[in-house]
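Visitor: As a plain string of letters, each chain reads:
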Amino acid sequence: MSRLARRLPFGLILVAIYMFLLAPLVVVVAVSFDPTDAFRFPPPGLSLRWYAAFFSSEPFVHAFFRVSLVVALTVSLLATLVGGLAAVGLVRFRFRGRTAAEVAFLGPIVVPEILLGAALFLFYARLRLQTTLAALVLSHLLIAMPYVVRTVTAGLSGINRSLEEAAMSLGASRLQAFCRVTLPLIRSSVLSGAIFAFIISFSDINLALFLTGPQTVTLPVHIFSQIAWQGDPTIAAASTLQIALVAVLLGVGQRVFRLRVAL
Amino acid sequence: MSGAPAPRTARAWLLVGPGLLVLAALLLGPLLQILTVSLFTYSPTRIWIPEPTLANYRRLADPYYLAVSWTTVKIGLLTTLACIVLGYPLAYFLARTRSRLVGLYLFLLVTPLMVSSVIRIFGWLVILGRRGLVNSWVQKLGLGDGLDLLYNTPAVVTGLTELLLPFMVLPLMAAIENVHPSIEEAARNLGAGALHVFRRVIVPLSLPGLVSGCLLVYTVSISALVTPALMGGRRVRMLGNLVYDEVLTSLNWPFASAMAVVLLAVTGGVMLFYLRTMRAVSRSRVVAE
Chain A
1 MSRLARRLPF GLILVAIYMF LLAPLVVVVA VSFDPTDAFR FPPPGLSLRW
51 YAAFFSSEPF VHAFFRVSLV VALTVSLLAT LVGGLAAVGL VRFRFRGRTA
101 AEVAFLGPIV VPEILLGAAL FLFYARLRLQ TTLAALVLSH LLIAMPYVVR
151 TVTAGLSGIN RSLEEAAMSL GASRLQAFCR VTLPLIRSSV LSGAIFAFII
201 SFSDINLALF LTGPQTVTLP VHIFSQIAWQ GDPTIAAAST LQIALVAVLL
251 GVGQRVFRLR VAL
Chain B
264 MSGAPAPRTA RAWLLVGPGL LVLAALLLGP LLQILTVSLF TYSPTRIWIP
314 EPTLANYRRL ADPYYLAVSW TTVKIGLLTT LACIVLGYPL AYFLARTRSR
364 LVGLYLFLLV TPLMVSSVIR IFGWLVILGR RGLVNSWVQK LGLGDGLDLL
414 YNTPAVVTGL TELLLPFMVL PLMAAIENVH PSIEEAARNL GAGALHVFRR
464 VIVPLSLPGL VSGCLLVYTV SISALVTPAL MGGRRVRMLG NLVYDEVLTS
514 LNWPFASAMA VVLLAVTGGV MLFYLRTMRA VSRSRVVAE
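Line order of the protein sequences matches chains A and B.
With the numbering used here applied, the first sequence covers 1 to 263.
With the numbering used here applied, the second sequence covers 264 to 552.
There may be inaccurate statements among the hints.
Each pair of labels, with its calculated beta carbon distance range [what the hints assert, rightly or not]:
{"id": "1", "chain 1": "A", "residue 1": "8", "chain 2": "B", "residue 2": "364", "range": "14 to 22 Å"}
{"id": "2", "chain 1": "A", "residue 1": "29", "chain 2": "B", "residue 2": "363", "range": "51 to 59 Å"}
{"id": "3", "chain 1": "A", "residue 1": "160", "chain 2": "B", "residue 2": "463", "range": "37 to 45 Å"}
Just so you have them, the derived chain A footprint on chain B, three or more residues with Cβ under 8 Å [as the list claims (entries may be wrong)]:
{"id": "4", "stretch": "326 to 334"}
{"id": "5", "stretch": "340 to 354"}
{"id": "6", "stretch": "400 to 408"}
Just so you know, the hints here were simulated from the structure itself, not pulled from any lab data.
Quick caveat, the model's predicted, so the values are computed rather than measured.
Virtual Cβ for every residue (Gly too), placed ideally from N, Cα, C.
Let the hints inform the model, and build the full structure from the sequences given.
Guide: Here is the structure:
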């Protein structure tokens, strides 16, 4: 009993901190099921009215499926490829400039995102590339790549090279040995990297605010402009769909591939 | 070295090359470009003319921009402080708990980080707005009606703290995990109370984690854009808002570039200071041992 009395205050503090951390997400999800547009919590009833509104809203559907999803999938694929190759080069080879290259890959995380956004906007403007999907993909590739490099580097460092050497002494080529032996062993880090790259692109707003044009509005940017125009709970439905997608990816990732948190 | 390493080095560059190309083209190039443009002269008709000038930097000394810079620094410091206060208990708990649910607790900490910041700020607008949750409860209890909870400094600090708290908790947690529980126990056995142990044992020994956390939170919060735009309204403006407006609305790219360069210099300076203190901390560790 005295033990409980001693621990209770600390427990209450922890609950309060978690409530603070999760309050905005919980409220957004709850409001999306509200049958009215009064933004009440808890909602007076349950309805899918705002989800219907979401799916019948051309700008929301376009932003979600035609822009954000397409960009995030492309970025995930490219970042995993480019970042994964770089990680192999960094872990498996000793060459001049290796440490410098390693530090360089942290660059995109160190530079504040809005500065990257502004700098990329001016850069694309000179190339007349601004507001294209390609511009968005390349920019997200830049900020997603470091996370892939990090997760794959971590995965590779834990693999004993003698396994590959054994395969090679049994007649496999270097490439075969890597693909057949090492790649399956680092599968979970590669997939973690791909998932993070997807999420970083899918939830980015700071770069997208500078880089989207009328045809390339991403979901976060569309939500941003709807909030600025005092929109209805369709915003909450769209947000809930994004939260659900991210939570499923993280949850499944954690279960199936022992997702590594790359921070 | 013998002849063998040459092809191996070539192969390494082939692997790392595409990534470095992306960095050179999309990080180095654009940053060098804003550095150059920040030294060019603004022209209302052609955006910039390549005539070198320091006018863009001089304009930053104007009282309005100094006031915005001060707001930015103040909000950064307040956010960092709030994250320390909320982050320590959570980090301590996560580092020390033996609960089977620790995976869930971590999931609940990290998931918000993965959701777009604009969504979390939207949640705060619903909670704190004029017709929001807090106000509806206040009204129901008859404590007044229509409190102005948004568009002020505390609102922006609240939003940023919620957004950035995990950046404080994760490095702190890692640092506290490295402090052996027996050290705490020894202090307790010698008669120290819980708060005393925290202040004299946990805080000093988790200092490297605290410094990383503060650095992350501070640099991200001084370059905030969406949070002040939505929660600060017209009244609370930070440097990020000015950069955005100059780039996309006023089209004064030389001036926007100058602001961006200054912001980059400040965050870079903080990073450098961090690396040096970290080295000093690890050196004093060695001496202490």
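Visitor: Which of the listed hints are broken here?
Guide: Violated hints: 2, 4, 6; rest satisfied.
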